[in-house]
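> From first to last, the protein sequence lines are chains Z and L. If you use UniProt numbering, the first sequence closes out at 323, no skipped numbers anywhere. If you use UniProt numbering, the second sequence closes out at 376, no skipped numbers anywhere.
If you're looking for bench data, these hints aren't it; they were derived computationally from the structure. A few of these clues could be false.
[To be verified] Here are the simulated SDA-like pairs of lysine to any residue, each with C-alpha atoms no more than 25 Å apart in a straight line:
| # | chain 1 | residue 1 | chain 2 | residue 2 |
| --- | --- | --- | --- | --- |
| 1 | L | K4 | Z | P314 |
| 2 | L | K374 | Z | V215 |
| 3 | Z | K267 | Z | E204 |
| 4 | L | K183 | L | D136 |
| 5 | L | K4 | Z | S214 |
| 6 | Z | K296 | Z | P314 |
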Amino acid sequence: MSYDLNRNADQRQILDAAEAMLAGSYPLARLREGASDNLAEASGFGAFLLGLPEEQGGAGFGIVEEALVHVLFGRHLLTPRSLAAALAVRLAASSGDDALMAAIAAGETAVAPAVRSGNGYLLIDPAQAGMALVFGAERLELVRIADAAPEAGLGHDLSIARMPANDGQAIAETDEAGLLLLSSLLVSAQLLGVAEAARDMAVEYAGIRRQFGSVIGSFQAIKHHCANMAVGTERISALLDMAALALSDGREDAAFQVAALRRLAPKTALANASLCVQIHGGIGFSDEADAHRFVKQAHILGRLGEGQPLLDLPAPLVAFSRA
Amino acid sequence: MHLKDTEDHISFRAAARAWLSENVPAGPAPRDGAASRQYALDWVAKCHSGGWSGIGWPADYGGRGLGPDKLVIWYEEYVRARAPSVHDCTFVALNHAGPTLIACGTEEQKAFHLPQILEGRSIWCQGFSEPNAGSDLASLSTTGVVDGDDLVVNGQKIWTSFADIADYQELLIRTEPGSKRHKGLSWVICDMKSPGITVRPIRNMAGTVHFAEVFYDDVRIPLSSVVGGLHNGWATAMTTLGFERKTAAMGMQLDLSVRLEDLIAMAAPKPGSAMAERLADLRAEAAALRAITYRTLFRDQANPSEGSLMRLRFAELAREISETAMECLGAEALADSDWSHLYLESFSETIAGGTAEIQRNIIAERLLGLPREKRA
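Generate coordinates for the entire structure from the input sequences, incorporating the hints supplied.
Spelled out as structure tokens, the structure:
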């Protein structure tokens, strides 16, 4: 078979290993303690070099495997510093700074994701980070953190800081199309993970919680919410495979597939997260349950960069050109 | 994981494209009636003469035994060439009846019917739904009583697409008196010209006739027309429905993508406008639906309920695209046009083949494992 969307043995192996590492080091319950994630375990796993070519220190995997690992990161609500690290590694590599690349990949140099707001930046989860990766619509910039002032974030449990934009902050930057597409792909992958985890948590709760003498998951009104979450998730999951393969093979429809994915992923993650809160009822609105964390993560990830305008790209009516 | 055209695929694609560009009929297809029947049969006959009819059928039965990757290429080229809709009055014959006969029929049944279907000489319809057994198929009550070498059939079917222009029907009836639910049913080939059959066409909200009520009054059907064994009709019917949501679904949804591209070209929305945003969303949704279909087709172990997921997404997207087209048309939406016709027809998508609500229940229960609702 020449069209094959099954995961091969190597892919299953790396994903099983990643899931074991995440389950051991980053269980969702950790978030109740309020501490910022330490990415040492993920770095030790080689997560931030996974998709790089072997001559750059990569592990011989590719973009597809890296994207699938980021889905698992999303499921575990891993700090979005994981996205900043994956992209900063490449920015450092393309600017020829091998020492910086190695330090970021090893987790010795933490990189906070950042977005532009007003005349400056909002840094996300900047604890211990010395630099920030700014996710713009048309460029990625790696900047030094200076004069950052912490302030309360969304729901008071998101750690953010505000930083003015100044000359001399820049370490590296790129507007290279391939890297921007990869950024969109990995952000979307994490959003998919959020959507999947929210779906699973909602379905699990619907199968336990009893009202009117039945588990609520037997009621059609709840069931249909859950079905919508499953459909939403399947859409972006299939699209992620398509986009990752297209990007990995350098196919001409890569930009289109990534843009379609990037357009749907934030809406889907947020829709699933919102339904997860709704299905939990009162406890879903409380800080004590984890449902609200998916809502917040969906907002954070959805702000990291933008997809290309989809109507500007040619639609691939014939799917695959020669690869 | 990979999606790559091999040398073999590339030459297959080129051959399909070349043949289609020479042979696709110009001008629109008639919407219903005898003219639509002739148009569809002529097209199948033309495909057959070019070696493109029933290409997924086994070679032993006149097909080419092509696997899903080549079928996908065929459908991609098919919609690109704007060939006649795959979901016309030949759909049941080519995509249900033929494959069901190949899987479960006798040699005589195959020898008589399969060439007629492939060569564009017969139209089939599907007699499954009844007034009290639509989505709840197992509660059907049309009966067939064994009398000598015949079954004597009495009852009624409804929502039978193309019954008014069909030659044969895949008829599901209760043959074991007093049997309940899935047991005691039989799947039989019903000749639509049999004495005792009355067809009452039902005009739909789009103003066309695609389906009908069919009444059976002591209709005699020879026992030799039972497919897959007497009283074993449920298994045969499940075989039939299994064919429905495979590659043929690919043709329908690729067709939808092409239609959406037409709409985007027609609307030419201002960049950044609300309509541009909406059309971009639809384009992304169409890409996602296509990705789901590829995934379902090219996966070793797909959960059968994934068919419901695909069907639901297709149905709702078809309606959303048509609704958007009506908005783009403005006042012209009040006049008859391809778009306004498609809009009205699209209301059937979230009903036919199991309503959107039924599909959601299937997804929740069989894919997510949620419990069934208590039934009174």
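> Take the hints in turn and mark each one as holding or not.
Here is what the structure says about each hint:
1. With a C-alpha separation of about 20 Å, the suggested pair K4 (chain L) and P314 (chain Z) falls inside the 25 Å cut-off, and the hint holds.
2. Taking the CA atoms of K374 (chain L) and V215 (chain Z), the gap is about 10 Å. The hint holds against a cut of 25 Å.
3. Taking the CA atoms of K267 (chain Z) and E204 (chain Z), the gap is about 22 Å. The hint holds against a cut of 25 Å.
4. Under the criterion of a C-alpha separation no larger than 25 Å, the hint pairing K183 (chain L) with D136 (chain L) is consistent with the structure, at around 14 Å.
5. Of the supplied pair hints, the one linking K4 (chain L) and S214 (chain Z) is violated, its CA atoms being roughly 49 Å apart against a limit of 25 Å.
6. With a CA separation close to 34 Å, the supplied pair K296 (chain Z) and P314 (chain Z) exceeds the 25 Å bound.
Violated hints, in rising order: 5 and 6; the structure is consistent with all others.
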